[in-house]
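Novice: Each chain is listed here by its residues.
2 protein chains.
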Amino acid sequence: MAKVTIDNKTLVYPMPAFLIGANVDDKPNFMTAAWSGIAGGTPPVITVGIRHTRYTLKGIKQNMTFSVNVSSVALAKETDYCGIESGSKVDEVAVCKFKVFYGKLDTAPLIEQCPVNLECKALHILDVGSHALIVGQIEETYVSEDCLTDGEPDVDKIKPIIYVTQPGRRYQAFGEVVGKAHTIGRELTSAETG
Amino acid sequence: MAKVTIDNKTLVYPMPAFLIGANVDDKPNFMTAAWSGIAGGTPPVITVGIRHTRYTLKGIKQNMTFSVNVSSVALAKETDYCGIESGSKVDEVAVCKFKVFYGKLDTAPLIEQCPVNLECKALHILDVGSHALIVGQIEETYVSEDCLTDGEPDVDKIKPIIYVTQPGRRYQAFGEVVGKAHTIGRELTSAETG
Numbered sequence: 702m703a704k705v706t707i708d709n710k711t712l713v714y715p716m717p718a719f720l721i722g723a724n725v726d727d728k729p730n731f732m733t734a735a736w737s738g739i740a741g742g743t744p745p746v747i748t749v750g751i752r753h754t755r756y757t758l759k760g761i762k763q764n765m766t767f768s769v770n771v772s773s774v775a776l777a778k779e780t781d782y783c784g785i786e787s788g789s790k791v792d793e794v795a796v797c798k799f800k801v802f803y804g805k806l807d808t809a810p811l812i813e814q815c816p817v818n819l820e821c822k823a824l825h826i827l828d829v830g831s832h833a834l835i836v837g838q839i840e841e842t843y844v845s846e847d848c849l850t851d852g853e854p855d856v857d858k859i860k861p862i863i864y865v866t867q868p869g870r871r872y873q874a875f876g877e878v879v880g881k882a883h884t885i886g887r888e889l890t891s892a893e894t895g
Numbered sequence: 702m703a704k705v706t707i708d709n710k711t712l713v714y715p716m717p718a719f720l721i722g723a724n725v726d727d728k729p730n731f732m733t734a735a736w737s738g739i740a741g742g743t744p745p746v747i748t749v750g751i752r753h754t755r756y757t758l759k760g761i762k763q764n765m766t767f768s769v770n771v772s773s774v775a776l777a778k779e780t781d782y783c784g785i786e787s788g789s790k791v792d793e794v795a796v797c798k799f800k801v802f803y804g805k806l807d808t809a810p811l812i813e814q815c816p817v818n819l820e821c822k823a824l825h826i827l828d829v830g831s832h833a834l835i836v837g838q839i840e841e842t843y844v845s846e847d848c849l850t851d852g853e854p855d856v857d858k859i860k861p862i863i864y865v866t867q868p869g870r871r872y873q874a875f876g877e878v879v880g881k882a883h884t885i886g887r888e889l890t891s892a893e894t895g
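Chains B and R supply the protein sequences, listed in that same order. With the numbering used here, the residue at position 37 of the first sequence is 738, and numbering never jumps. With the numbering used here, the residue at position 9 of the second sequence is 710, and numbering never jumps.
Quick caveat, the hints were computed from the structure, so don't treat them as lab data. Given the structure is predicted, the values throughout are model-derived calculations rather than measurements. Do not rely on the hints blindly, as some may be mistaken.
[What the hints assert, rightly or not] Over 12 Å on every C-beta distance to chain B, these chain R residues come out as not near it, computed from the model:
no., residue
1, Val725
2, Asp726
3, Tyr756
4, Lys759
5, Gln763
6, Asn764
7, Met765
[Stated by the list, open to error] Just a sample of chain R residues kept apart from chain B, beta carbon distances all over 10 Å, derived:
no., residue
8, Asp727
9, Lys728
10, Lys762
11, Ser789
12, Val794
13, Val801
14, Asp807
15, Ala823
[Said to hold, decoys possible] Chain R regions said to be covered by chain B (calculated; three or more residues, Cβ under 8 Å):
no., stretch
16, 730-740
17, 768-782
18, 863-870
In this text, a Cβ means the ideal position worked out from N, Cα and C, and glycines have one as well.
Just need the whole structure built from these sequences, with the hints factored in.
Specialist: Here you go:
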């Protein structure tokens, strides 16, 4: 199997399409971020890479709080809009008709329509070049009641989206189940010892 | 829309299922990681959260290099296996029949069967509690030739997988295209000004 190199491109699959929230000058603001991932479990930690010039970053620095809102198929247009526009120029909350609520941190705006919301406290802001890397501790996690099955979050009701950069930039839904995690790998263990 | 809180759980969608590679005592080793995300563009930066006790982390510290290998539907069993087993006890490369190659960094093992591979240099290792947060600079990105269309990486040929924790732990494929990014949001701009 031959390989080609594409320089040092940031190409991975999947990438998320999260809506990152922060209060900027006491007003809720959101931006779309594909550059984010969980970092630790105890305490629960998440990272977000944000370009230094972004308006939302100003708000994170003001309050050292932010939110990560998981987007869904139903919110794809709004998610894309918050990636195109800046809260410094338009009222994204009004255009997207976001219902904003606040939790225990008071200054991390959360979007009611998003199926999952993480309320976070910024622990560190690292300069990694073109971007600031926000390392945040998750303080509270919210799930929409209509996305639960038997009290547990249900991905089939949440209907999250994936941000895909190649080929062309697009959003994709989740597809078929490939296998049970922490289970299907055991077939290789059996083959090895069998 | 009512919300419930599920404590401060690390629940986001999508999460990846990457195979993280490192040479441990000069031998290639791989572990599965769902806690990873891009962090910056110039230079290209990626983060990975790894439990302090993991064998692969020992190798990253030895060489300050590692790899991020994007998994696929065809490699779901192998990916799961490297999440269950540890290279300190079994020879994962032999069991999974991984063909390992090295690039410009010499000490970051890459898996030929994975459709996309990032060769990385560790810039920082942060202690974020239960996990070490590796901040790495991407030095080279490789794509399997048979996953290209007109010279560009093609997600429909790459067939990546998503790690889903709720409900139940499972791997899912990518699903239907929801819309064009940097495009569908413009409908809201038109509505606003129209």
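Novice: With reference to the structure, classify each hint as holding or not holding.
Specialist: Cross-check of the supplied hints:
Non-interface status of Val725/R relative to chain B is upheld: no Cβ of that chain comes within 12 Å, the nearest being about 20 Å off. Non-interface status of Asp726/R relative to chain B is upheld: no Cβ of that chain comes within 12 Å, the nearest being about 22 Å off. Listed as outside the interface, Tyr756/R is consistent with that label: its C-beta sits roughly 16 Å from the nearest C-beta of chain B, beyond the 12 Å cut-off. Annotated as non-interface, Lys759/R keeps its C-beta farther than 12 Å from every C-beta of chain B; the closest such distance is 18 Å.
Every C-beta of chain B lies more than 12 Å from that of Gln763/R, the closest at about 22 Å, which supports listing it as non-interface. Here Asn764/R stays apart from chain B, with its beta-carbon at least about 18 Å from theirs, past the 12 Å limit. Taking the minimum C-beta to C-beta distance to chain B, about 16 Å, the non-interface status of Met765/R holds against the 12 Å cut. Chain B leaves Asp727/R outside its interface by the beta-carbon criterion, the shortest separation being 23 Å against a cut-off of 10 Å.
Taking the minimum C-beta to C-beta distance to chain B, about 18 Å, the non-interface status of Lys728/R holds against the 10 Å cut. Every beta carbon of chain B lies more than 10 Å from that of Lys762/R, the smallest distance being close to 17 Å; the non-interface claim holds. Distance check for Ser789/R against chain B: the nearest CB is about 15 Å away, which clears 10 Å, and the non-interface claim stands. The claim that Val794/R lies off the interface holds: its Cβ sits roughly 12 Å from the closest Cβ of chain B, which is beyond the 10 Å cut-off.
Even its closest Cβ contact with chain B, about 13 Å, leaves Val801/R beyond 10 Å, as expected for a residue assigned away from the interface. The beta carbon of Asp807/R is kept farther than 10 Å from every beta carbon of chain B, the shortest such distance being approximately 16 Å. Non-interface call for Ala823/R relative to chain B: holds, since the shortest CB-CB distance, roughly 13 Å, exceeds 10 Å. Judged by the Cβ-Cβ criterion of 8 Å, the stretch 730-740 of chain R is covered by chain B as claimed, because 6 of its residues qualify and three suffice.
Counting residues of the stretch 768-782 of chain R whose beta carbon lies closer than 8 Å to any beta carbon of chain B gives 9, which meets the minimum of three for the stated coverage. Three residues within the 8 Å Cβ limit are the bar, and the stretch 863-870 of chain R against chain B gives 7, so the coverage statement holds.
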